[in-house]
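Enquirer: Use these hints to put chain B onto chain A, whose structure you have.
Heads up: the sequence lines are chains A and B, in that order. In terms of this note's numbering, the first sequence is numbered consecutively and its last residue is 139. In terms of this note's numbering, the second sequence is numbered consecutively and its last residue is 544.
By construction, these hints were calculated from the structure, which means they are not laboratory data. Do not rely on the hints blindly, as some may be mistaken.
When the alpha-carbon atoms are kept at most 20 Å apart in a straight line, the in silico SDA-like pairs for lysine to any residue are as follows [unchecked claim]:
| id | chain 1 | residue 1 | chain 2 | residue 2 |
| --- | --- | --- | --- | --- |
| 1 | B | Lys-480 | B | Thr-260 |
| 2 | A | Lys-15 | A | Pro-102 |
| 3 | A | Lys-116 | B | Ala-542 |
| 4 | A | Lys-124 | B | Ala-542 |
| 5 | A | Lys-22 | B | Asp-535 |
| 6 | A | Lys-6 | B | Phe-456 |
| 7 | A | Lys-15 | B | Thr-516 |
| 8 | B | Lys-519 | A | Lys-24 |
| 9 | B | Lys-309 | B | Glu-396 |
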Amino acid sequence: MAYSEKVIDHYQHPKNVGTLDKSKKTVGTGLVGAPECGDVMRLQIEVDESTGLITDAKFKTFGCGSAIASSSLATEWLKGKSVDDAIKIDNMTIVEELNLPPVKIHCSVLAEDAIKAAVNDYRKKNGLEELKFEDSVIH
Amino acid sequence: MLNFPIYLDHNATTPCDPRVVEAMIPYFTNNFGNAASRNHAFGWQAEEAVDLAREQVAQLIGADPKEIIFTSGATEADNLAIKGVFEMYASKGNHIITCNIEHKAVLDTCKHIEKEGGEVTYLKVKDNGLVDLAELEAAIKPTTILIALMYANNEIGTVMPMKEIGAIAKRHGVLVFSDATQAVGKIPVDVNTDGIDLMAFTGHKMYGPKGVGALYVRRKNPRVKVTAQMDGGGHERGMRSGTLNVPGIVGFGKACEICRLEMAEETKKLSALRDKLETELLKVEESYLNGDKEHRLPHVSNISFKYVEGEGLMMGFNKNIAVSSGSACTSASLEPSYVLKALGLGDDLAHSSLRFGLGRFTTEEQIDYTIKQVTDTVNKLREMSPLWEMFKEGIDMNSIEWAHH
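Excised from the complex, chain A in its bound form (with noise of 0.2 Å):
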């Protein structure tokens, strides 16, 4: 199976690959995936609390090269979205975005996984009630 060309050039060209201070009040994590699956996702974001936008976005993927390059994807489409924006990345829009055949359409649920995971953290660092989310269908 042929990767397409945007899967190639985010896995030879990762946008925003890196690690966020965790420890950070206006930082969220989100973990998701599993070693023994083949995937393991970190997405995290970092917001500008007075405008409540995302500020920065990076990411470590241990996986295939669709798992890296839609966790790549994702970081860049979430700079400068609002977190309440980001939660509506849907994880097909990242399928055709990078032309994942229907065997990698896990990657990208698990990069929606991720994008919910980390605003959810950052929503309990501030206080926030956690959002409640429909299990992803595909996993």
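Expert: Coordinates of chain B only, in the frame set by chain A:
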């Protein structure tokens, strides 16, 4: 000068040796006869070619030419051996012993046997990929008719102690079948000294064409018979009907002859290259060799690079280098290799494995390039692996509640 892509997946298949192709060509056009046509020159010519190939194949494994049954490949030979023995020896018993790292062609055939009322014992291999001989002997029952154990494993290249297995079987009057697809042509295999009664192997793993293989069926001490699995013209001593694939068989024969004559030299070259590759790659931090280091094929190495995922790793160089991985990221089940898991590897290490399979045309330059590419990609991916970061920070990964999906 390096030509890309470099092929290091010789356990999947091998290119045809040009000498093999050359031998085959006349049998597609001028010498196109049906080997079963007994009454004209076209048939005689084809039959003569098949006879020579049968001899070449038999010679490689120390068999008599009459003991070679040509098939479409190893999968068919596996099916014919196991189902054929199960049906032929039904009056003697219904129990088969095999192991949990066999190829699917054997495992799934055994599952089929279970549905047909047979009983199958799946021995668990030890951490090094070899069966425990005491366990094997203890598993034999009065109803046991067959021990089916692979000669060499396709993922990790480990070689089973066939002589010892053969001796145990002989003591108990049980037949031995071996799927020797990965071993024949690579290491010395002799059905008599190894005590093998039935053996499957195929052309395309030893620089012959695809679509042709053989089942060795012993004719003396004891005389073994299998029930045919296909009805038809009664070719191959009634055990495998169907017009013989003459060009394929000619190529298979030639491939066997080349392997027999060049094996010693090829083994020397390949094991030196393999050892170089392996030594250098095991210098990478947190990398592990899978399978027994001593008892294995000369051209295979299976290595896990912890904290990076195999498919992601291959993507870093698969434009230029072809290898395979025990990761199953593309399969619907997302289950990693059952062979690696049978060695006691955690799923994480199984997901992180690469199999390197060297071959006749592999060069030192290709190996040097591969060492560099793999090492660089592992390092690059670890820089973006959250697991590597945790490992470096000394975080116990078992203490984390992973969201299993």
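Enquirer: Now look at each hint and say whether the structure bears it out.
Expert: Do the hints match the structure? See the list:
For the hint pairing Lys-480 of chain B with Thr-260 of chain B, the CA-to-CA distance comes to about 18 Å; that is within 20 Å, so the pair holds. Annotation: proposed proximity of Lys-15 of chain A to Pro-102 of chain A is violated, straight-line Cα distance about 24 Å (limit 20 Å). About 13 Å separates the Cα atoms of Lys-116 of chain A and Ala-542 of chain B, which keeps this hinted pair within 20 Å; it holds. At roughly 18 Å between alpha-carbon atoms, Lys-124 of chain A and Ala-542 of chain B fall within 20 Å of each other, so this suggested pair holds.
Proximity of Lys-22 of chain A to Asp-535 of chain B is assessed by CA-CA distance (about 18 Å); at most 20 Å being required, the pair is judged to hold. Only pairs whose Cα atoms come within 20 Å are accepted, and Lys-6 of chain A paired with Phe-456 of chain B is accepted, the gap being roughly 17 Å. Simply put, Lys-15 of chain A and Thr-516 of chain B have alpha-carbon atoms about 17 Å apart, close enough for the 20 Å limit, and the pair holds. At most 20 Å may separate the alpha-carbon atoms for a hinted pair to count; Lys-519 of chain B and Lys-24 of chain A exceed this at roughly 28 Å.
For the proposed pair Lys-309 of chain B and Glu-396 of chain B, the alpha carbon gap of about 30 Å is over 20 Å, so the pair is violated.
Comparing the model with each numbered hint stated earlier shows that hints 2, 8 and 9 do not hold.
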